[in-house]
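Colleague: One letter stands for each residue in the lines below.
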Amino acid sequence: MHRVTVRVLLFAKAREICGKKEDVVTIYSKISYFELLDFIVNYFSLEDIKSSLILAVNEQYSDADILLKLNDGDTIAIVPPLSGGNKLITLN
Amino acid sequence: MIEVNLIYDELKIEDIYQKAVSEECGAVALFIGTTRNHSDQRQVKRLIYESYEKMALLIMETVCKEIKEKWSTVNNIVIYHRLGEVPIGKASVVIAVSSPHRQESLDAVHFAIDRIKAVVPIFKKEEYENGDVQWKENKECLWSQK
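Taken in sequence, the protein lines are chains A and B. The numbers in numbering that gives the first Met the number 0 rise by one with no breaks, and the one at position 2 of the first sequence is 1. The numbers in numbering that gives the first Met the number 0 rise by one with no breaks, and the one at position 138 of the second sequence is 137.
In short, the hints are calculated from the structure, not lab data. Take the hints with a grain of salt, since some may be wrong.
[Unchecked claim] Cβ pair distances, simulated, as ranges:
(1) B/I47 / A/D47: 14 to 22 Å
(2) A/D47 / B/S38: 17 to 25 Å
(3) B/I12 / A/G72: 35 to 43 Å
(4) B/L57 / A/C17: 23 to 31 Å
[Said to hold, decoys possible] Below, computed lysine to any residue pairings styled on SDA-like, alpha-carbon distance capped at 20 Å:
(5) B/K135 / B/R101
(6) A/K20 / B/D113
(7) B/K135 / A/L52
(8) B/K53 / A/R14
(9) B/K89 / B/S38
(10) B/K135 / A/D22
(11) B/K53 / A/K29
(12) B/K135 / A/V23
(13) A/K19 / B/S38
(14) B/K53 / A/E34
(15) A/K49 / B/K53
(16) A/K49 / B/W134
(17) B/K135 / A/D73
(18) A/K19 / B/W134
(19) A/K29 / A/N70
(20) B/K89 / B/Y127
(21) A/K20 / B/Y127
(22) B/K53 / A/I48
(23) B/K53 / A/E46
(24) B/K53 / A/A55
(25) A/K20 / B/I47
(26) A/K19 / B/E52
(27) A/K20 / A/H1
(28) B/K124 / A/K29
(29) A/K49 / B/K135
(30) A/K20 / B/E49
(31) A/K20 / B/A55
(32) A/K19 / A/R6
(33) A/K19 / B/K89
(34) B/K124 / A/Y27
Bear in mind the structure is a predicted one, so any value in this text is a computation, not a measurement. For each residue, glycine too, the CB sits at the ideal point set by N, CA and C.
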């Protein structure tokens with residue numbers, strides 16, 4: 000299986016838990032959202048907040064039910080819950 | 000005209016209003032979100048905002064485009080969010096929308112603040128009087144568990 004090296008960005012509580020705001024990891028280029036989430040959570044020890052994280056790939060929120068096709072140099076962001084508002088609006 | 004920005008300094012409300020105002024328009028609707036001194040019955044001492052800035056700006060632009068699609072008569076849209084420490088009682092977000100008549104800009108500003116809070120990657124950390132610290136996880140965020 001083909002492997003790629005991607006940049007990982009961490010914010011807010013995720014950044015504080017793992018003690019860094021950026022890292023580089025090597026992973027399979029074809030990977031499901033949940034496989035990627037499992038890998039990221041395990042690699043950065045984010046088990047405590049796993050249920051409230053969402054991943055963004057190249058500045059776009061990822062769909063949970065798709066197979067990702069990653070390239071070298073892609074950016075994966077670990078996005079904890081946002082800070083405010085009062086209405087549930089669907090994500091495009 | 001659309002302008003979105005993230006700045007680490009005091010938000011100048013008059014300047015943002017001046018960017019939005021238009022001679023073709025009879026209304027500028029302005030929303031100002033301000034930092035509160037309490038949260039869940041706890042006294043808040045400090046508030047700090049952090050953001051995934053590149054993505055936040057892209058999504059703020061997307062929200063502006065959504066507004067233009069929903070309200071075709073909306074003229075200018077200006078959205079500024081402050082990052083870093085924001086003292087209690089200061090503006091953390093300012094949204095200004097102009098339109099020929101008031102209804103569209105009022106509706107657009109309401110939509111903009113709800114949408115921004117639900118999807119733009121900006122995180123708020125609260126420090127309380129007793130020394131506790133918490134990243135706010137609000138029910139409004141689409142992937143929050145609360």
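Colleague: Taking each numbered hint in turn, which are not upheld by the structure, reported in ascending numerical order?
Modeller: The structure conflicts with hints 5, 6, 10, 11, 12, 13, 14, 15, 17, 21, 22, 23, 27, 28, 33 and 34, although it agrees with all the remaining ones.
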